[in-house]
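Colleague: Please put together the full structure from these sequences, using the hints given.
Top line first, the protein sequences correspond to chains A and B. In terms of this note's numbering, the first sequence opens at residue 2 and continues consecutively. In terms of this note's numbering, the second sequence opens at residue 11 and continues consecutively.
Hints listed in this document are in silico derivations from the structure and should not be mistaken for laboratory results. Careful: at least some of the hints might be erroneous.
[To be verified] Under 10 angstroms between C-beta atoms, here's a sample of chain A residues computed to sit facing chain B:
{"hint": "1", "residue": "16"}
{"hint": "2", "residue": "70"}
{"hint": "3", "residue": "96"}
{"hint": "4", "residue": "106"}
[Claimed, not checked] Capping the alpha-carbon separation at 20 angstroms, the derived lysine to aspartate or glutamate pairs in EDC-like fashion look like this:
{"hint": "5", "chain 1": "B", "residue 1": "518", "chain 2": "B", "residue 2": "536"}
{"hint": "6", "chain 1": "B", "residue 1": "697", "chain 2": "B", "residue 2": "674"}
{"hint": "7", "chain 1": "A", "residue 1": "91", "chain 2": "B", "residue 2": "537"}
{"hint": "8", "chain 1": "A", "residue 1": "91", "chain 2": "B", "residue 2": "253"}
{"hint": "9", "chain 1": "A", "residue 1": "91", "chain 2": "B", "residue 2": "185"}
{"hint": "10", "chain 1": "A", "residue 1": "91", "chain 2": "B", "residue 2": "536"}
{"hint": "11", "chain 1": "A", "residue 1": "112", "chain 2": "B", "residue 2": "245"}
{"hint": "12", "chain 1": "B", "residue 1": "417", "chain 2": "B", "residue 2": "455"}
{"hint": "13", "chain 1": "A", "residue 1": "91", "chain 2": "B", "residue 2": "251"}
{"hint": "14", "chain 1": "B", "residue 1": "417", "chain 2": "B", "residue 2": "363"}
{"hint": "15", "chain 1": "A", "residue 1": "91", "chain 2": "B", "residue 2": "363"}
{"hint": "16", "chain 1": "B", "residue 1": "451", "chain 2": "B", "residue 2": "536"}
{"hint": "17", "chain 1": "A", "residue 1": "112", "chain 2": "B", "residue 2": "185"}
{"hint": "18", "chain 1": "B", "residue 1": "697", "chain 2": "B", "residue 2": "363"}
{"hint": "19", "chain 1": "B", "residue 1": "95", "chain 2": "B", "residue 2": "81"}
{"hint": "20", "chain 1": "A", "residue 1": "91", "chain 2": "B", "residue 2": "248"}
These numbers were taken from a predicted model, which means no experiment stands behind them. Backbone N, C-alpha and C fix where the C-beta goes; we use that ideal spot for every residue, glycine too.
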Amino acid sequence: MSLTVLTVDDSRTMREMLRMALADAGFRVVQAEDGVHGLEVLSGEAPDVIVTDINMPRMDGFGFIEEVRGDPRHRAVPILVLTTESDAEKKNRARVAGATGWIVKPFNPTKLVDAIRRVAA
Amino acid sequence: MAAIRDTFFQECEEQLSELETGLLTMEAGDADPELINGVFRAVHSIKGGAGAFNLDSLVRFAHVFETALDEMRSGRLAPRDDVVKLMLRASDVLADEVRAARDGVEIDEARSLGMVEELRGLGPEGGTETDDGEDFGDFEFQPVAFGSDDPGGDSGDEAGADAGGWTVVFTPRADLYAKANETALLLRELGSLGEMTVRLDASRLPALDELDPEASYLSWTIHLASATDEAAIREVFEFVDGDCELAVSGGAAPAAPSFASELAAEPAAPASPELDIAALLARVQTSVADAPPTPEPAPLQAQATAPLVEPSPVQAAAPSVAAVAARQASDASANAAGATIRVDLDRVDRLIDLVGELVINQAMLSQRVLEAGLTRVSGVAMGLDELEQLTRQIQDSVMAIRAQPVKSVFQRMPRLVREVAAQTGKPVRLVTEGEATEVDKTVIERLADPLTHMIRNAIDHGLENPAKRAAAGKPPEGVVRLAAAHRSGRVVIEVGDDGGGIDRSRVKAIAAERGLIAADALLSDDEIDNLIFLPGFSTASEISDISGRGVGMDVVRRSIQALGGRISIASRPGLGSTFTMSLPLTLAVLDGMVVSVAGQTLVAPITAIIETLQPKAADVHALGGGAYVINIRDTYVPLIDVGCALGYRARPAEASQGVALLIEGEGGARAALLVDGIQGQRQVVIKSLEANYRQIPGVAAATILGDGRVALILDIDTIVAVSRGDLRKAG
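Modeller: Pasting the structure below:
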């Protein structure tokens, strides 16, 4: 049974890269374009892992994580934050918001899949 | 991957445009946080994507730019006018970096580095930013290694390396579980570093009825027999740092063996959590040395390792109000997003081709019906009328798909203006109007070059320098106006400046000097102004860096003509000049007047025709050399026999037997074209002659008529120009 991964990113490039890398690794991929859209997708999906960007229009990654953690249906889903920032402050904020872990961009498919396997069996 | 790369560069263009638009809005005084955020995001996304494609130079520049924008975003840097202007220039450099990366060409490194310095100057410590600044040269994203196969290099803790073992005491807090981390997975990860022995401490576990499923009660002590360094171990727990207590003790030689032997020696200590080890380890699928086999499963293990699997029912019943509101909001915007689709241009073009065929076919059908002698009131004819109307509607709708706002080309101009302003040292403000005016995509694409050149000219030649402006009582900042509007089925684009206007005596002197006109020629102001469109004319006494790139206004005029357009100039001394271009909305169809010339059927574009008239023999006068003029309401205009101009016949036809089309060429020059007769007006589908045959002077394109015959579409301006050229040579 393949795991379902929800990716939330406003960049088309990034969405395509995520889709390709994850689909190649055998995951089922559902995608959203920002936090608000992500929550909407979550109303009809139960992903095993969520990968989200931080800087997005309408609702950023921090807000999105908080919403997910406050939603009884999805609050136990591991959430990985995609970030180009490798500084501690961003990671900290993501963690305070409830992120499970993070992936520093740029990532290669191996790294991405490793990170997902690390938070979800 | 190549496809994603294409997407990336497409997206970059969108983000660059968003960046520029955002900065321009800020320049106009708007400092809305969301605006600044958007600008930041644009650069941030470019950097993110660039990193994925190893575009190092682009990443480096975007990073510095982003850092500066982040300062602004966080409120530490005020969006002052000079700051925004610097950022606008930085966005230009970023655009160049993107294009260089896309096309694989070298960039102007000195310019990028200069901009980097300027951006750094905005930094928090006024340019003395040390840590970030120093590492610019070898700045790189060091992705965090997730794979544990990375032993961490040689920077390891030597105590760990030779002792051959580590002891890790790991006590999660409830927060760790709340963030959906799972201890089993962490232990599995740790196990990939080497052989490990795990001991669970469940001593704090309360009785079942007192157990809070979301609390944390368990603790693990792991002995890891591995020569790995401490950093690698800490990295396993990277995600949960701060959400657990973690003690890593560097494999002190005595501790490790004694711990291991302790495990081996005392497999059945009372109330000892070793009972759980086998089950736990089976779960995490790690290899464990010396684990005592035990038959009893651990009853609480599932809850302990994954306490969040079952949410409590109370929480499940109350979805947050915010989430609901957000969802509703997103419904609305999802609908808005669904209102547009991306379509491959080829598909649209194919549709346009097909509709073109349909129009021709419909015209043929009409003709056949007419030939069959069916009356106008017959059902067939009426049905045909409706078909004709529908065809036209389909055609208009399809054309509308290709129509795009001129904004896409207009928005490239602010950057150009900034650059030329900087080069010339003239402060310039660009005013744009009618950006939403829609024109065929091909027209828009081919407008960029002429517009670029005209705006360069407007600043370089049109605007005076600040001193002169001051002397003329004008504000120091020159204004260049770029406007678009629809006017009677065509799109009109104007490029104007509030400079000194055309210096007519100088223009005339230059034209005479270059042999373009006779030194003593008497010319009207309009005629003088139009001299600048002549090939070989350039008002700059020496070719300047800005306007002089080997193209003059004659090239501009030719490219506008190639689009089926016209260009004219209006200039007022001391007040400035305005170039007006009138372009067809589409290059696919044309409203034409079908005429007969020497037994041939030709099409003249209706837009160029002012009126048609029956010439009287008395009004036509021969000038000699085969040239004629005709007197129309007391004005003499050249009368050109189209049959002669195209070489259908050697001698001009008798003017009084034909019809004259009074036409207005570019620049307002008038002429009369003599044809044998008018067949009617109709919309024709333009078929390129160049693409199918070759270019013919005097012929713009071809079309297929209702009876299936090919008719040539006249290139009126060329016919007039050629005839005039003959006149000049003859004279």
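Colleague: So, for every hint listed, does it hold in this structure?
Modeller: Hints versus structure:
1. 16: Holds, because the Cβ-Cβ distance from residue 16 (chain A) to chain B comes to roughly 9 angstroms (cut-off 10 angstroms).
2. 70: Holds, because the Cβ-Cβ distance from residue 70 (chain A) to chain B comes to roughly 7 angstroms (cut-off 10 angstroms).
3. 96: 7 angstroms, holds
4. 106: Holds, because the Cβ-Cβ distance from residue 106 (chain A) to chain B comes to roughly 5 angstroms (cut-off 10 angstroms).
5. B:518 with B:536: 12 angstroms, holds
6. B:697 with B:674: Measuring from Cα to Cα gives roughly 24 angstroms; hence the hint is violated.
7. A:91 with B:537: Distance of about 67 angstroms is beyond 20 angstroms: violated.
8. A:91 with B:253: 16 angstroms, holds
9. A:91 with B:185: 18 angstroms, holds
10. A:91 with B:536: Roughly 65 angstroms separates the two Cα atoms, so the pair is violated.
11. A:112 with B:245: 14 angstroms, holds
12. B:417 with B:455: 11 angstroms, holds
13. A:91 with B:251: Holds. Residue 91 (chain A) to residue 251 (chain B) sits at ~14 angstroms (cutoff 20 angstroms).
14. B:417 with B:363: 26 angstroms, violated
15. A:91 with B:363: Cα-Cα ~54 angstroms, so violated.
16. B:451 with B:536: Since the Cα atoms of residue 451 (chain B) and residue 536 (chain B) sit roughly 32 angstroms apart, the hinted pair is violated (cutoff 20 angstroms).
17. A:112 with B:185: 25 angstroms, violated
18. B:697 with B:363: Distance of about 10 angstroms is within 20 angstroms: holds.
19. B:95 with B:81: Status holds; Cα separation ~16 angstroms.
20. A:91 with B:248: 14 angstroms, holds
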